[in-house]
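Those protein sequences? They're chains X and V, same order as listed. Start counting the first sequence at 1; every next residue gets the next number (the numbering used here). Start counting the second sequence at 1; every next residue gets the next number (the numbering used here).
No lab work stands behind these hints: they were computed from the structure. Among the hints, a few may not be true.
Said to hold, decoys possible - With a cut-off of at most 27 Å between alpha-carbon atoms, the simulated DSSO-like pairs for lysine-lysine come out as follows:
1. V/Lys58 with X/Lys41
2. X/Lys44 with V/Lys69
3. X/Lys71 with X/Lys44
4. X/Lys44 with V/Lys22
5. V/Lys69 with V/Lys22
6. X/Lys36 with X/Lys22
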Amino acid sequence: DTAVSQTPKYLVTQMGNDKSIKCEQNLGHDTMYWYKQDSKKFLKIMFSYNNKELIINETVPNRFSPKSPDKAHLNLHINSLELGDSAVYFCASSQDRGQGANVLTFGAGSRLTVL
Amino acid sequence: AQSVAQPEDQVNVAEGNPLTVKCTYSVSGNPYLFWYVQYPNRGLQFLLKYITGDNLVKGSYGFEAEFNKSQTSFHLKKPSALVSDSALYFCAVRDTDRGSTLGRLYFGRGTQLTVWP
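Could you build the full structure based on these sequences and the hints that come with them?
Laid out in structure tokens, this is it:
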């Protein structure tokens, strides 16, 4: 019944490795997002996709590559992981119209620790 | 440029007392304003929003917020705090200057609310 689900919940890896985080939403929303929350709890948008099209691409290193195979999924792949990538990554989704427009539904987060 | 400020990192209040968590914003057009709450090790949950209409907005768990255009503020309030309200609260504003529903949401830095028994 989970609305926005992310896997894995925890990820511990070495510098230089490549890793992916997956996200799926079963709400029928058209737009999906990746946010990064740093150790001071600051939230920053990274990417946004609408119906599988990239619409927001913030100043994020190109080691980060989002992929949206369909509008219910938005995955995040990170190459050559660095210490500074350690953070909690949140997936979110929203609908474009109606009462719920502009309201984000967040996943539980994926805590990435780079050693 | 759009921005949100939450001037207090921490707010402490006794159970049963009223609480206020402050938020001010800066946008180029009309703002869409939101409050979200984050409990430990969880994702953010939507509390309430202001898009248009009444300046006083009521949301989940007894929270409300007042939109004040002249002061560019959107403070979160609750008449009687509960220990279970202890969490991290985020104010957010949506970029509307392109008239799109797909604008960015800018978050404040968060305010840790602690309600003690």
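Checked hints:
1. Distance hint between lysine 58 of chain V and lysine 41 of chain X is fulfilled; the C-alpha atoms sit about 26 Å from each other, no more than 27 Å.
2. Among the hinted pairs, lysine 44 of chain X with lysine 69 of chain V is consistent with the structure: their alpha-carbon atoms are about 25 Å apart, no more than 27 Å.
3. With a C-alpha separation of about 22 Å, the suggested pair lysine 71 of chain X and lysine 44 of chain X falls inside the 27 Å cut-off, and the hint holds.
4. The straight-line distance between the Cα atoms of lysine 44 of chain X and lysine 22 of chain V is roughly 20 Å, inside the 27 Å bound, and the hint therefore holds.
5. A threshold of 27 Å between alpha carbons decides the hint, and for lysine 69 of chain V with lysine 22 of chain V the separation of about 14 Å falls inside it, so the pair holds.
6. Pair hint lysine 36 of chain X plus lysine 22 of chain X holds up; C-alpha atoms about 14 Å apart against a cutoff of 27 Å.
In terms of the numbered hints stated before, the structure departs from none.
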